[in-house]
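Please arrange chain B on chain A, whose structure you already have, making use of the hints.
Chains as they are written, first to last, in the working numbering: chain A, 1 to 347; chain B, 1 to 347.
Careful: at least some of the hints might be erroneous.
The list makes no distinction among identical chains, and a pair is therefore deemed to hold if it is satisfied within one copy or across any two copies.
Think about it this way: if two alpha-carbon atoms lie no more than 20 Å apart in a straight line, the pair counts; the simulated SDA-like pairs of lysine to any residue are [stated by the list, open to error]:
#1 K22 x Q203
#2 K77 x E205
#3 K22 x L198
#4 K253 x N310
#5 K77 x N194
#6 K294 x L21
#7 K25 x P72
#8 K22 x Y70
#9 K22 x E205
#10 K251 x N310
#11 K175 x N67
#12 K55 x E69
#13 K132 x M8
#14 K25 x Y70
#15 K130 x M8
#16 K175 x L213
#17 K32 x E323
Note that these hints are calculated values from the structure, not bench results.
Protein chains: 2
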Amino acid sequence: MPTLSVFMDVPLAHKLEGSLLKTYKQDDYPNKIFLAYRVCMTNEGHPWVSLVVQKTRLQVSQDPSLNYEYLPTMGLKSFIQASLALLFGKHSQAIVENRQIPHGCVLVMGNIIDCKLTPSGWAKLMSMIKSKQIFPFFDIPCQGLYTSDLEEDTRILQYFVSQGFEFFCSQSLSKNFGIYDEGVGILVVVAVNNQQLLCVLSQLEGLAQALWLNPPNTGARIITSILSNPALLGEWKQSLKEVVENIMLTKEKVKEKLRLLGTPGSWGHITEQSGTHGYLGLNSQQVEYLVRKKHIYIPKNGQINFSCINANNINYITEGINEAVLLAESSEMCLPKEKKTLIGIKL
Amino acid sequence: MPTLSVFMDVPLAHKLEGSLLKTYKQDDYPNKIFLAYRVCMTNEGHPWVSLVVQKTRLQVSQDPSLNYEYLPTMGLKSFIQASLALLFGKHSQAIVENRQIPHGCVLVMGNIIDCKLTPSGWAKLMSMIKSKQIFPFFDIPCQGLYTSDLEEDTRILQYFVSQGFEFFCSQSLSKNFGIYDEGVGILVVVAVNNQQLLCVLSQLEGLAQALWLNPPNTGARIITSILSNPALLGEWKQSLKEVVENIMLTKEKVKEKLRLLGTPGSWGHITEQSGTHGYLGLNSQQVEYLVRKKHIYIPKNGQINFSCINANNINYITEGINEAVLLAESSEMCLPKEKKTLIGIKL
Numbered sequence: 001m002p003t004l005s006v007f008m009d010v011p012l013a014h015k016l017e018g019s020l021l022k023t024y025k026q027d028d029y030p031n032k033i034f035l036a037y038r039v040c041m042t043n044e045g046h047p048w049v050s051l052v053v054q055k056t057r058l059q060v061s062q063d064p065s066l067n068y069e070y071l072p073t074m075g076l077k078s079f080i081q082a083s084l085a086l087l088f089g090k091h092s093q094a095i096v097e098n099r100q101i102p103h104g105c106v107l108v109m110g111n112i113i114d115c116k117l118t119p120s121g122w123a124k125l126m127s128m129i130k131s132k133q134i135f136p137f138f139d140i141p142c143q144g145l146y147t148s149d150l151e152e153d154t155r156i157l158q159y160f161v162s163q164g165f166e167f168f169c170s171q172s173l174s175k176n177f178g179i180y181d182e183g184v185g186i187l188v189v190v191a192v193n194n195q196q197l198l199c200v201l202s203q204l205e206g207l208a209q210a211l212w213l214n215p216p217n218t219g220a221r222i223i224t225s226i227l228s229n230p231a232l233l234g235e236w237k238q239s240l241k242e243v244v245e246n247i248m249l250t251k252e253k254v255k256e257k258l259r260l261l262g263t264p265g266s267w268g269h270i271t272e273q274s275g276t277h278g279y280l281g282l283n284s285q286q287v288e289y290l291v292r293k294k295h296i297y298i299p300k301n302g303q304i305n306f307s308c309i310n311a312n313n314i315n316y317i318t319e320g321i322n323e324a325v326l327l328a329e330s331s332e333m334c335l336p337k338e339k340k341t342l343i344g345i346k347l
Numbered sequence: 001m002p003t004l005s006v007f008m009d010v011p012l013a014h015k016l017e018g019s020l021l022k023t024y025k026q027d028d029y030p031n032k033i034f035l036a037y038r039v040c041m042t043n044e045g046h047p048w049v050s051l052v053v054q055k056t057r058l059q060v061s062q063d064p065s066l067n068y069e070y071l072p073t074m075g076l077k078s079f080i081q082a083s084l085a086l087l088f089g090k091h092s093q094a095i096v097e098n099r100q101i102p103h104g105c106v107l108v109m110g111n112i113i114d115c116k117l118t119p120s121g122w123a124k125l126m127s128m129i130k131s132k133q134i135f136p137f138f139d140i141p142c143q144g145l146y147t148s149d150l151e152e153d154t155r156i157l158q159y160f161v162s163q164g165f166e167f168f169c170s171q172s173l174s175k176n177f178g179i180y181d182e183g184v185g186i187l188v189v190v191a192v193n194n195q196q197l198l199c200v201l202s203q204l205e206g207l208a209q210a211l212w213l214n215p216p217n218t219g220a221r222i223i224t225s226i227l228s229n230p231a232l233l234g235e236w237k238q239s240l241k242e243v244v245e246n247i248m249l250t251k252e253k254v255k256e257k258l259r260l261l262g263t264p265g266s267w268g269h270i271t272e273q274s275g276t277h278g279y280l281g282l283n284s285q286q287v288e289y290l291v292r293k294k295h296i297y298i299p300k301n302g303q304i305n306f307s308c309i310n311a312n313n314i315n316y317i318t319e320g321i322n323e324a325v326l327l328a329e330s331s332e333m334c335l336p337k338e339k340k341t342l343i344g345i346k347l
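Looking at chain A on its own, in the form it has when it is part of the complex (with noise of 0.2 Å):
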C-alpha cells in the first residue's frame, strides 16, 4: 500500500464564486433574504418555469418517433435554426445569405447586453468598434425577459449584420424558458465570408469533440418544439409578457414605497432599467449595511433581481433600503449613485 499519496502537492483551489450566497446560507437569522439570485423567480419565490415547458416535456417524453441517439458534436440542427431564427429574426440578412452557419452548444461566455445606448450612441460605438479593429462578443443571458418583445431584446444585433460586421453571440436559453438544468444554449459566429467561417467552424468542432463529444438533448428538444408550433410559441411569449409585467410591478412598488418612506435620493432609474436584474443604485457602504444589519443579501455593486421581491418581503427590503441611505446621509455626504451600463463587447 502507498504510504504517500501522488496528490500530496495538490493545492486547494480558491474559490471565485458563490461566497454571497454561501454566507446567506450560513446565516440563521429567520428573515434573511438573498436578491441576487441568477434566475427569474415567481412570487412564491421559486424558480420561473414557463408553464409551455411542463406540457412539452411530457409530451416529448411520450413521443414514440424519438429517439435517443447521439446528437452531432455541433448540436441539434432543427433546435440551431429555430434558435438562430428567435435571435436574428426568420427573415435575417445572415440567415438568407447563410453568413453564420449555424452551431450549437459550443462555447458560453458570460457577458451582459443590456445598454441602453441612443441610435447616434450605437453609431459612434460601431464606428470605434471598426476604428480600433475590436472584435465584437455578445451574449445574449435572457432574450424576451427585458422588454418581452422577443425582437427588441435583440435588434441590435441585426443592426450588426446589416453593417456587416464580424461577431461571436452567445445565447442561454435556460432562463427565458426556465429550464435551468439542461444548459441550453447556442454561440453563434458571423463572418463576411462563408469559407472562412467554415474553417472556424471546423476549428470550433474540434474543441466540442475534446471537450463534450455529443451535446445533451432534452433541453434542446423542448425548446425546438415549443419553437416550431405557433400555439406552443403563443403561450411562451404571453408567459414572458407575464413575468416582465410583473417585475416592472415590482419595481414601481419599490420607488412608491421608498417616496412614501421620504428616502432621500432619486429613485427614477429602478423602473428605467428592463429586465430581472438591475441596479439599486446603493454604494458600497449602503450595501454592506443592508447585508450585515438586515441580513438582505446583495452584491456588491448593488444589482439586484428584482423578481427575488414579492409582497411577503417588499416592506422589509424597501424600509431596510431606507435605513441604510439615511444612516449614509448622517454619517458623510452620500456618494453620487451609480448607475452602469455594461456593454456586451469582449476585447
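Frame of chain A; chain B shown alone:
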C-alpha cells in the same frame, strides 16, 4: 463594411474521426453494412434502449415534485451516490471510508477495460504499477454489457481499492441504459488521504466551472430513479441480461456459420470475448477486402460491434469473411490472428 475577414488566417481543421462512417454513408450499394457503431444495436438494427428507461423518463416528466433548477457544478448528489454504489458495490471500503468523495460528470477520457488477466496476471500488473509509479485511469464504458453481472464487470476496481491504490475512474452510463443523447457519466478519484482528495476535488471543480458550470439533469435523473428503485433496478438488470445473451448467441452463430463454411483458421476467440465489441481476428488485407469488395464496413483493427449483426445480415457477413480469408490464403501465407487486450490504464 470590413472588406477582409478577421478569420482569414484560420485554417480548416483536419477531421480525425468518422472517416469509416462517412465512407459508409457515401456508399450507395444497397446491401452495405456498418459494423462499427459505438452503441448497442437491436435485432432490428436500431440503437438499443433499456425498456425501463422509457417508463422512467415518462414518470420523471410527470413528477410535480421535481424542479428544474441548476445542478451543482459537481453534479446531482443522489446520482453520484447511486452510480458509485453501482461501480464499487454498496459496501465498498472506499465508500465506507469516504476515500473518493464523488464528483459527477467532470472529465471523461476514453479507454477500454476488457482485459482477461488471470488473478496472478493482475497481481503482476499491480506490482509493476507500484514499482514504476504508474497512475491508473480506468474507463468503464458499459458496465453490465460485458457479462451482464454488474459486480463481475467492475470487480477489478474493488481489488485496486482493497490494495490501497490511488486512481481515476471514468464511467459512462449512456450505453448500458441506452440514453445516448444525455452524456451521463462520472469521474471518480480514489485517493489515500481525505485532505488531498479535497484539494484534487477543488481543482477539478474549478475546471468544471470553467467548462460547463452546471451539468445537464435529465439523464442523471432517469438513471438515479432506476438505480434507487429495486423494481426498476431489477427490470434494468433483466434487460442487460437479454442483451448480453443475445450478443453471445450472435457470436456463437457467427462461429458456427464459419465452421459450416469451412473457413480456414480457428474462430474460438469470437466467443471468448465478452461485451458488444470484439475482434474478428482478421488482418488488414482481409478487412480491406470486406470494406472494398463486400461493402461491409469494419475498422482497420478488425474490432466490430457484434450487436450490428442480425438475422438479416449474418449470412452475407460470414460469407464475406469466408471469402476474405480464402482469398488471403490463396495469395499469401495467412498472418496469425490478432487478439488484442487493451488495459484501461493511462500512463
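Hint by hint, here is what the structure shows:
When the C-alpha separation of K22 and Q203 is checked against a cutoff of 20 Å, the pair qualifies only between copies, where the shortest distance is 19 Å, while the shortest distance within a copy is 38 Å. Within a single copy, K77 and E205 get their C-alpha atoms as close as 14 Å, which meets the 20 Å cut-off; across copies the closest is 31 Å, which misses it. Proximity of K22 and L198 under a CA criterion of 20 Å is satisfied inter-copy only: 18 Å between copies versus 44 Å inside one chain copy. In this assembly of identical chains, the alpha carbons of K253 and N310 lie at most 20 Å apart only when taken from the same copy (10 Å versus 68 Å across copies).
In this assembly of identical chains, K77 and N194 lie within 20 Å of each other by CA distance solely inside one copy; the values are 18 Å within and 45 Å between copies. In the homo-oligomer, the alpha carbons of K294 and L21 lie at most 20 Å apart inside one protomer (15 Å), although the nearest pairing across protomers, at 63 Å, exceeds that limit. In this homomeric assembly, K25 and P72 come within 20 Å of each other (Cα to Cα) only across copies, at 15 Å, whereas the closest approach inside a single copy is 40 Å. Proximity of K22 to Y70 under the C-alpha cut-off of 20 Å is restricted to the inter-copy arrangement: shortest distance 16 Å between copies versus 37 Å within a copy.
In this assembly of identical chains, the alpha carbons of K22 and E205 lie at most 20 Å apart only when taken from different copies (16 Å versus 37 Å within one copy). For a Cα distance limit of 20 Å, the shortest separation of K251 from N310 inside one copy, 10 Å, qualifies, whereas the shortest one across copies, 65 Å, does not. In this assembly of identical chains, K175 and N67 lie within 20 Å of each other by CA distance solely across copies; the values are 14 Å between and 26 Å within a copy. For the identical chains of this complex, K55 and E69 are inter-copy neighbours only, at 17 Å across copies versus 23 Å inside a copy, given an alpha-carbon limit of 20 Å.
Taking the shortest Cα distances, K132 and M8 sit within 20 Å of each other only across copies (18 Å), while inside one copy they are farther apart (48 Å). Only between protomers do K25 and Y70 lie at most 20 Å apart by alpha-carbon distance; the minimum there is 17 Å, versus 39 Å within a single protomer. For the homomeric pair K130 and M8, the shortest alpha-carbon distance between copies (17 Å) is at most 20 Å, but the shortest distance inside one copy (51 Å) is not. Taking CA atoms no more than 20 Å apart as the test, K175 paired with L213 passes between copies only; the shortest distance there is 15 Å, against 24 Å inside one copy.
With identical chains, the CA atoms of K32 and E323 are at most 20 Å apart within one copy only, with a shortest distance of 16 Å there and 78 Å across copies.
Against the hints set out earlier in the document, no violation occurs for any number.
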